[in-house]
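Peer 1: Listed below are the residues making up each chain.
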Amino acid sequence: MTTVTKPEGAPAANAPDGFLSVRDLQVTFSTEDGPVKAVDGLSFDLARGRTLGIVGESGSGKSVTNLTVLGLHNPLFTKTDGEIVLDGKELITATEKEMEELRGNRAAMIFQDPLTALSPFYTVGRQIAEPYMKHRKVSKKAAWERAVEMLAKVGIPNPRERAKDYPHQFSGGMRQRAMIAMALVCDPDLLIADEPTTALDVTVQAQILDLLKDLQQEFGSGIIFITHDLGVIADMADDIMVMYAGNAVERGTVDEVLRAPQHPYTWGLLNSMPRLDSDLDTPLSPIPGSPPSLLHPPSGCRFHPRCTFQDRVAGAAGRCVDERPLLGPDRASACHLTADQKRTIFIEEIKPRLA
Amino acid sequence: MIQFIVRRTVGAAVTLFLIGAATFFLFVAAPSDYASLACGKDCTPARLADIREALGLNLPLAQQFWDFMSGIVMGRDFPTGHCSAPCLGVSFYSGDMVWSTIMDRFPLTATLTVGGAAVFLIVGVGAGMIAAYRRGTYIDKVATGASMVLSSFQIYFLGPIVLTVLVYSTGWMEDPKYVPITQDPVGWFVGMSIPVCVMATIFTAQYTRMARSSMIEQLAEDSIRTAKAKGMSRRYVFFRYAWRGSLIPIVTVFSIDLSALLGGAVVTELTFSLQGIGRLAVDGAVNKDLPLTMGVMLFGAFFILVINIFTDITYAWIDPRIRLS
Amino acid sequence: MTEDTVLPAQREQVTVGEPLLEVSGLTKYFPVKGGFPIKRTVGHVQAVDGIDLTVRVGESFGLVGESGCGKSTTGRLITRLLEPTSGSIAYRGKDISRATRRQLAPIRSEIQMIFQDPYSSLNPRQTVGKIISGPMEINGITPEGGREKRVRELLEIVGLNPEHFNRFPHEFSGGQRQRIGVARALALEPKLIVADEPVSALDVSIQAQVVNLLQKVQKELGIAFLFIAHDLAVVRHFSQRVAVMYLGKIIEVGDREAIYNRPRHPYTHALLSAVPEVNLTDDGESAGRERIRLAGDVPSPISPPSGCRFRTRCWKAQDKCATEEPPLVRISGNQEGHLTACHFPEEPTTEARDEDIVLDPALVALEEGAGE
Chain A
1 MTTVTKPEGA
11 PAANAPDGFL
21 SVRDLQVTFS
31 TEDGPVKAVD
41 GLSFDLARGR
51 TLGIVGESGS
61 GKSVTNLTVL
71 GLHNPLFTKT
81 DGEIVLDGKE
91 LITATEKEME
101 ELRGNRAAMI
111 FQDPLTALSP
121 FYTVGRQIAE
131 PYMKHRKVSK
141 KAAWERAVEM
151 LAKVGIPNPR
161 ERAKDYPHQF
171 SGGMRQRAMI
181 AMALVCDPDL
191 LIADEPTTAL
201 DVTVQAQILD
211 LLKDLQQEFG
221 SGIIFITHDL
231 GVIADMADDI
241 MVMYAGNAVE
251 RGTVDEVLRA
261 PQHPYTWGLL
271 NSMPRLDSDL
281 DTPLSPIPGS
291 PPSLLHPPSG
301 CRFHPRCTFQ
311 DRVAGAAGRC
321 VDERPLLGPD
331 RASACHLTAD
341 QKRTIFIEEI
351 KPRLA
Chain B
1 MIQFIVRRTV
11 GAAVTLFLIG
21 AATFFLFVAA
31 PSDYASLACG
41 KDCTPARLAD
51 IREALGLNLP
61 LAQQFWDFMS
71 GIVMGRDFPT
81 GHCSAPCLGV
91 SFYSGDMVWS
101 TIMDRFPLTA
111 TLTVGGAAVF
121 LIVGVGAGMI
131 AAYRRGTYID
141 KVATGASMVL
151 SSFQIYFLGP
161 IVLTVLVYST
171 GWMEDPKYVP
181 ITQDPVGWFV
191 GMSIPVCVMA
201 TIFTAQYTRM
211 ARSSMIEQLA
221 EDSIRTAKAK
231 GMSRRYVFFR
241 YAWRGSLIPI
251 VTVFSIDLSA
261 LLGGAVVTEL
271 TFSLQGIGRL
281 AVDGAVNKDL
291 PLTMGVMLFG
301 AFFILVINIF
311 TDITYAWIDP
321 RIRLS
Chain C
1 MTEDTVLPAQ
11 REQVTVGEPL
21 LEVSGLTKYF
31 PVKGGFPIKR
41 TVGHVQAVDG
51 IDLTVRVGES
61 FGLVGESGCG
71 KSTTGRLITR
81 LLEPTSGSIA
91 YRGKDISRAT
101 RRQLAPIRSE
111 IQMIFQDPYS
121 SLNPRQTVGK
131 IISGPMEING
141 ITPEGGREKR
151 VRELLEIVGL
161 NPEHFNRFPH
171 EFSGGQRQRI
181 GVARALALEP
191 KLIVADEPVS
201 ALDVSIQAQV
211 VNLLQKVQKE
221 LGIAFLFIAH
231 DLAVVRHFSQ
241 RVAVMYLGKI
251 IEVGDREAIY
261 NRPRHPYTHA
271 LLSAVPEVNL
281 TDDGESAGRE
291 RIRLAGDVPS
301 PISPPSGCRF
311 RTRCWKAQDK
321 CATEEPPLVR
331 ISGNQEGHLT
341 ACHFPEEPTT
351 EARDEDIVLD
361 PALVALEEGA
371 GE
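Residue numbers (my numbering), protein chains in the order written: chain A, 1 to 355; chain B, 1 to 325; chain C, 1 to 372.
One should not assume that every hint holds.
Said to hold, decoys possible - Per the computed footprint, the stretches of chain B lying under chain A, defined by three or more beta-carbons under 8 Å from a beta-carbon of chain A, are:
#1 53–64
#2 144–151
#3 210–223
What the hints assert, rightly or not - Calculated pairs, SDA-like style, for lysine to any residue (alpha carbon to alpha carbon, straight line, at most 25 Å):
#4 C:K33 x B:R235
#5 A:K213 x C:K33
#6 A:K97 x B:R235
#7 A:K79 x A:F29
#8 A:K79 x A:K141
#9 C:K33 x B:G11
#10 A:K164 x C:G296
#11 C:K216 x A:L354
#12 A:K89 x C:K33
#13 A:K97 x B:F238
#14 A:K79 x B:L219
#15 C:K33 x B:A13
#16 C:K33 x B:Y315
It should be emphasised that the hints constitute simulated quantities derived from the structure, not laboratory data. These numbers were taken from a predicted model, which means no experiment stands behind them. A virtual CB, placed ideally from N, CA and C, is assigned to each residue, including glycine.
Go ahead and model the full structure; you've got the sequences and the hints to work with.
Peer 2: Structure below.
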């Protein structure tokens with residue numbers, strides 16, 4: 001039947017100073033079992049000073065996408081297609097040297113587990129000072145001073161002394177603060193935070209999330225915030241993109257996606273998540289089945305094997321199995337249900353269960 | 001740090017004593033002894049008793065052991081003369097002082113070990129690192145393939161081939177022999193070059209494979225990704241971040257190899273008919289020569305223990321998470 | 001060994017609400033070794049330090065807290081995977097804290113455990129059937145119709161295909177593996193299941209499947225749960241009564257309503273306010289939660305603060321908190337069964353305050369800077 005031949009429509013025309021734009025990104029890993037298409041035709045934009053939350057489960061391609069933006073995949077095993085433009089500069093075709101100049105300088109990244117993400121062999125101060133020294137061409141001493149200043153900014157008590165410590169001498173929360181200091185040391189335009197609080201305790205998570213928000217006010221970076229936790233995304237993001245099995249399935253502002261979600265997968269996520277204010281008599285309604293293997297992704301809509309709404313799709317029977325739904329620009333969801341259906345189903349069937 | 005060294009030194013001394021005791025009593029418990037071997041076919045009980053008395057084997061076992069162990073610290077007097085500390089006794093077989101025999105032989109083994117180690121550490125680890133850095137390229141494939149083939153060779157196989165080619169059939173080089181470096185540096189170098197190179201080749205292959213896989217493992221660490229993500233160059237990430245972590249397994253294996261070789265590179269010495277510590281150990285065991293065997297055992301154990309302490313200090317230097325004491 | 005074992009059919013009926021498990025003064029210290037020249041114990045990690053709790057028949061009791069609070073250690077003490085330093089664990093009135101293997105045998109089958117990591121808690125070399133029937137074999141139980149029939153039944157209960165009993169764990173997904181873990185725990189018809197973070201390694205959509213399964217098991221089979229988790233929303237969803245732990249102590253315990261809507265302990269307030277929430281109301285009304293941001297991380301359990309252990313991070317702490325440890329009691333204003341260990345408790349509400357409590361110096365600095 002029909003297959004997708006044209007890339008997803010260009011989203012977010014309402015982002016005038018959109019300085020990161022990704023178009024029809026395809027990332028394929030070669031593995032022993034065969035090629036794995038981890039990201040398949042993804043497009044999104046990010047404006048300066050805004051936060052885009054990418055939410056999805058493991059294997060959804062959310063981390064892969066962002067490692068691709070910084071060119072951090074091993075080119076030996078990875079094939080990347082499409083377009084990533086950061087402030088007018090195309091990154092997929094950029095040389096390794098150009099990417100080095102960009103990383104840690106204009107675009108920085110915070111990783112999930114600060115214990116393994118920081119090197120055990122060097123002091124925290126040195127690890128923060130390194131990119132500053134390289135990108136700003138300053139002396140070792142000036143870079144060290146900057147590292148101390150950054151540690152103070154992220155709330156490490158006694159920063160001058162603590163800069164000489166090794167990461168294992170820091171607590172979990174402090175390590176993540178050091179990681180943030182390291183990412184922000186060159187005042188980047190783009191900050192990618194990949195599950196930055198997943199490994200942390202909830203009270204520490206709250207501190208770190210607030211810290212990131214406050215620092216964004218001061219530094220004005222655009223943030224891509226990757227998480228599996230809808231609560232965190234609601235707290236952090238301006239816009240949301242929901243990913244499933246290497247595709248974006250829904251996008252919009254936080255209010256749009258969380259209060260009037262349109263995609264059955266988003267409905268499923270909301271319905272499976274217990275909240276502090278949810279009704280205790282309503283059981284959770286999980287999404288049936290498990291996420292698909294990307295070695296052999298389902299045909300058509302990748303969500304169709306787990307979707308309970310596909311029989312309501314108008315048109316030829318089995319449309320969800322044969323035809324991949326496209327994600328339009330701006331506020332959109334990649335689903336064959338009509339806009340009316342999406343609205344009615346949410347209001348009549350999904351929302352009551354969220355009370 | 002000082003506390004650590006003191007504690008480990010005390011521990012090492014105790015270990016040496018225990019090794020001495022184990023060697024001694026196991027040796028004595030063996031079914032045949034030197035005296036009956038030396039007595040020969042027409043042995044009479046009287047002659048056997050004479051031999052035993054001459055060797056001090058008539059004394060109680062505990063006393064024999066104590067005499068030996070205290071001799072190491074304080075020296076001993078033999079009918080043949082004084083044996084100053086560290087005294088490892090007098091060989092049953094040759095009648096020479098064991099310590100001076102070991103000291104005679106040690107320069108050869110040391111040359112073999114240090115020369116070989118220098119080659120296999122630099123070439124082996126270097127080749128492994130380059131292979132990892134250029135992973136997937138022809139350089140990597142050649143290095144991996146060659147090391148695979150070479151590490152499946154054995155010294156007693158490769159040695160005779162090299163000797164045949166370089167010495168016997170072409171006459172380009174002379175038979176390997178040891179000349180003290182103080183006497184003739186060139187002769188020392190030329191004489192030992194074939195055994196050192198053959199031994200080093202086999203080890204180099206192993207170190208190449210180990211360094212490569214250790215490096216590749218390190219390059220997959222999260223901290224390496226972080227270093228790249230902050231714009232550090234590939235070279236910098238490789239030689240500042242990954243390199244350091246990859247050293248730990250290399251240091252571990254190297255310390256084991258080094259101490260084993262210093263205690264006698266048996267196979268190499270036998271292959272090239274060299275008279276080193278390894279040869280001595282074999283002789284001691286074959287001849288049931290108790291003092292010689294004890295001496296060589298303790299000498300080797302000493303190196304193992306000292307190198308062990310240095311290894312632990314090296315670990316702490318490489319990785320700040322490992323704290324001494 | 002098997003003579004004493006109570007067979008499912010012979011089990012006497014117990015009414016819901018009766019105490020099933022009563023823990024009192026339970027303590028676990030892990031020694032810290034060090035010193036020169038001879039290694040000796042130089043200190044203790046006070047993982048669990050004198051906790052009391054009661055799990056009633058058929059109820060789900062939640063244990064929440066952050067890493068290092070001792071909740072997992074508590075679970076392991078109760079299932080006797082660890083030996084307690086002191087204190088008693090009474091199961092149906094019988095102290096099992098010092099029981100020998102032989103004495104424990106009849107009780108072992110009644111207390112089962114579900115672990116966090118479905119990948120490492122199943123033997124990869126055994127078939128699912130073997131894994132699930134393992135507990136029956138060890139305890140010498142042959143149910144009516146044979147073990148294989150029972151395994152099929154159990155697979156059916158946990159929502160797996162009963163025909164798959166011959167497969168190996170690696171052939172299942174993470175969520176399915178956790179179902180196998182549940183089936184194994186159910187094999188002996190236990191009265192109490194200790195579930196240690198049973199869903200935290202799973203994806204959100206799978207998490208809900210397992211929570212629902214556990215809920216079904218709890219309600220339909222009347223099994224009591226000690227549900228240990230760090231996710232406050234999951235615990236709220238699953239547990240009728242909840243205890244909050246901090247540095248080896250229970251600092252507040254009560255029914256779900258009390259803990260989530262009328263908490264008194266400042267730490268409970270801080271925990272609840274830290275949970276990031278999706279605001280689903282159309283008018284944004286539920287944004288009215290209080291905002292409390294603590295400073296720093298949890299102190300080391302090797303040398304916990306004197307007096308009240310939370311005082312070093314508490315905004316209400318006074319001198320008394322350092323000298324006098326607050327007892328876990330029903331303080332004035334608490335309802336029956338709601339106990340709080342605090343000298344200066346908070347108001348029983350989680351509504352937003354006039355002024356946020358922000359103790360983190362970095363946040364204070366940044367927010368003041370932005371305000372100017």
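Peer 1: Going through the numbered hints above, which ones does this structure break? Give me the numbers in ascending order.
Peer 2: Structure breaks hints 1, 2, 4, 5, 8, 12.
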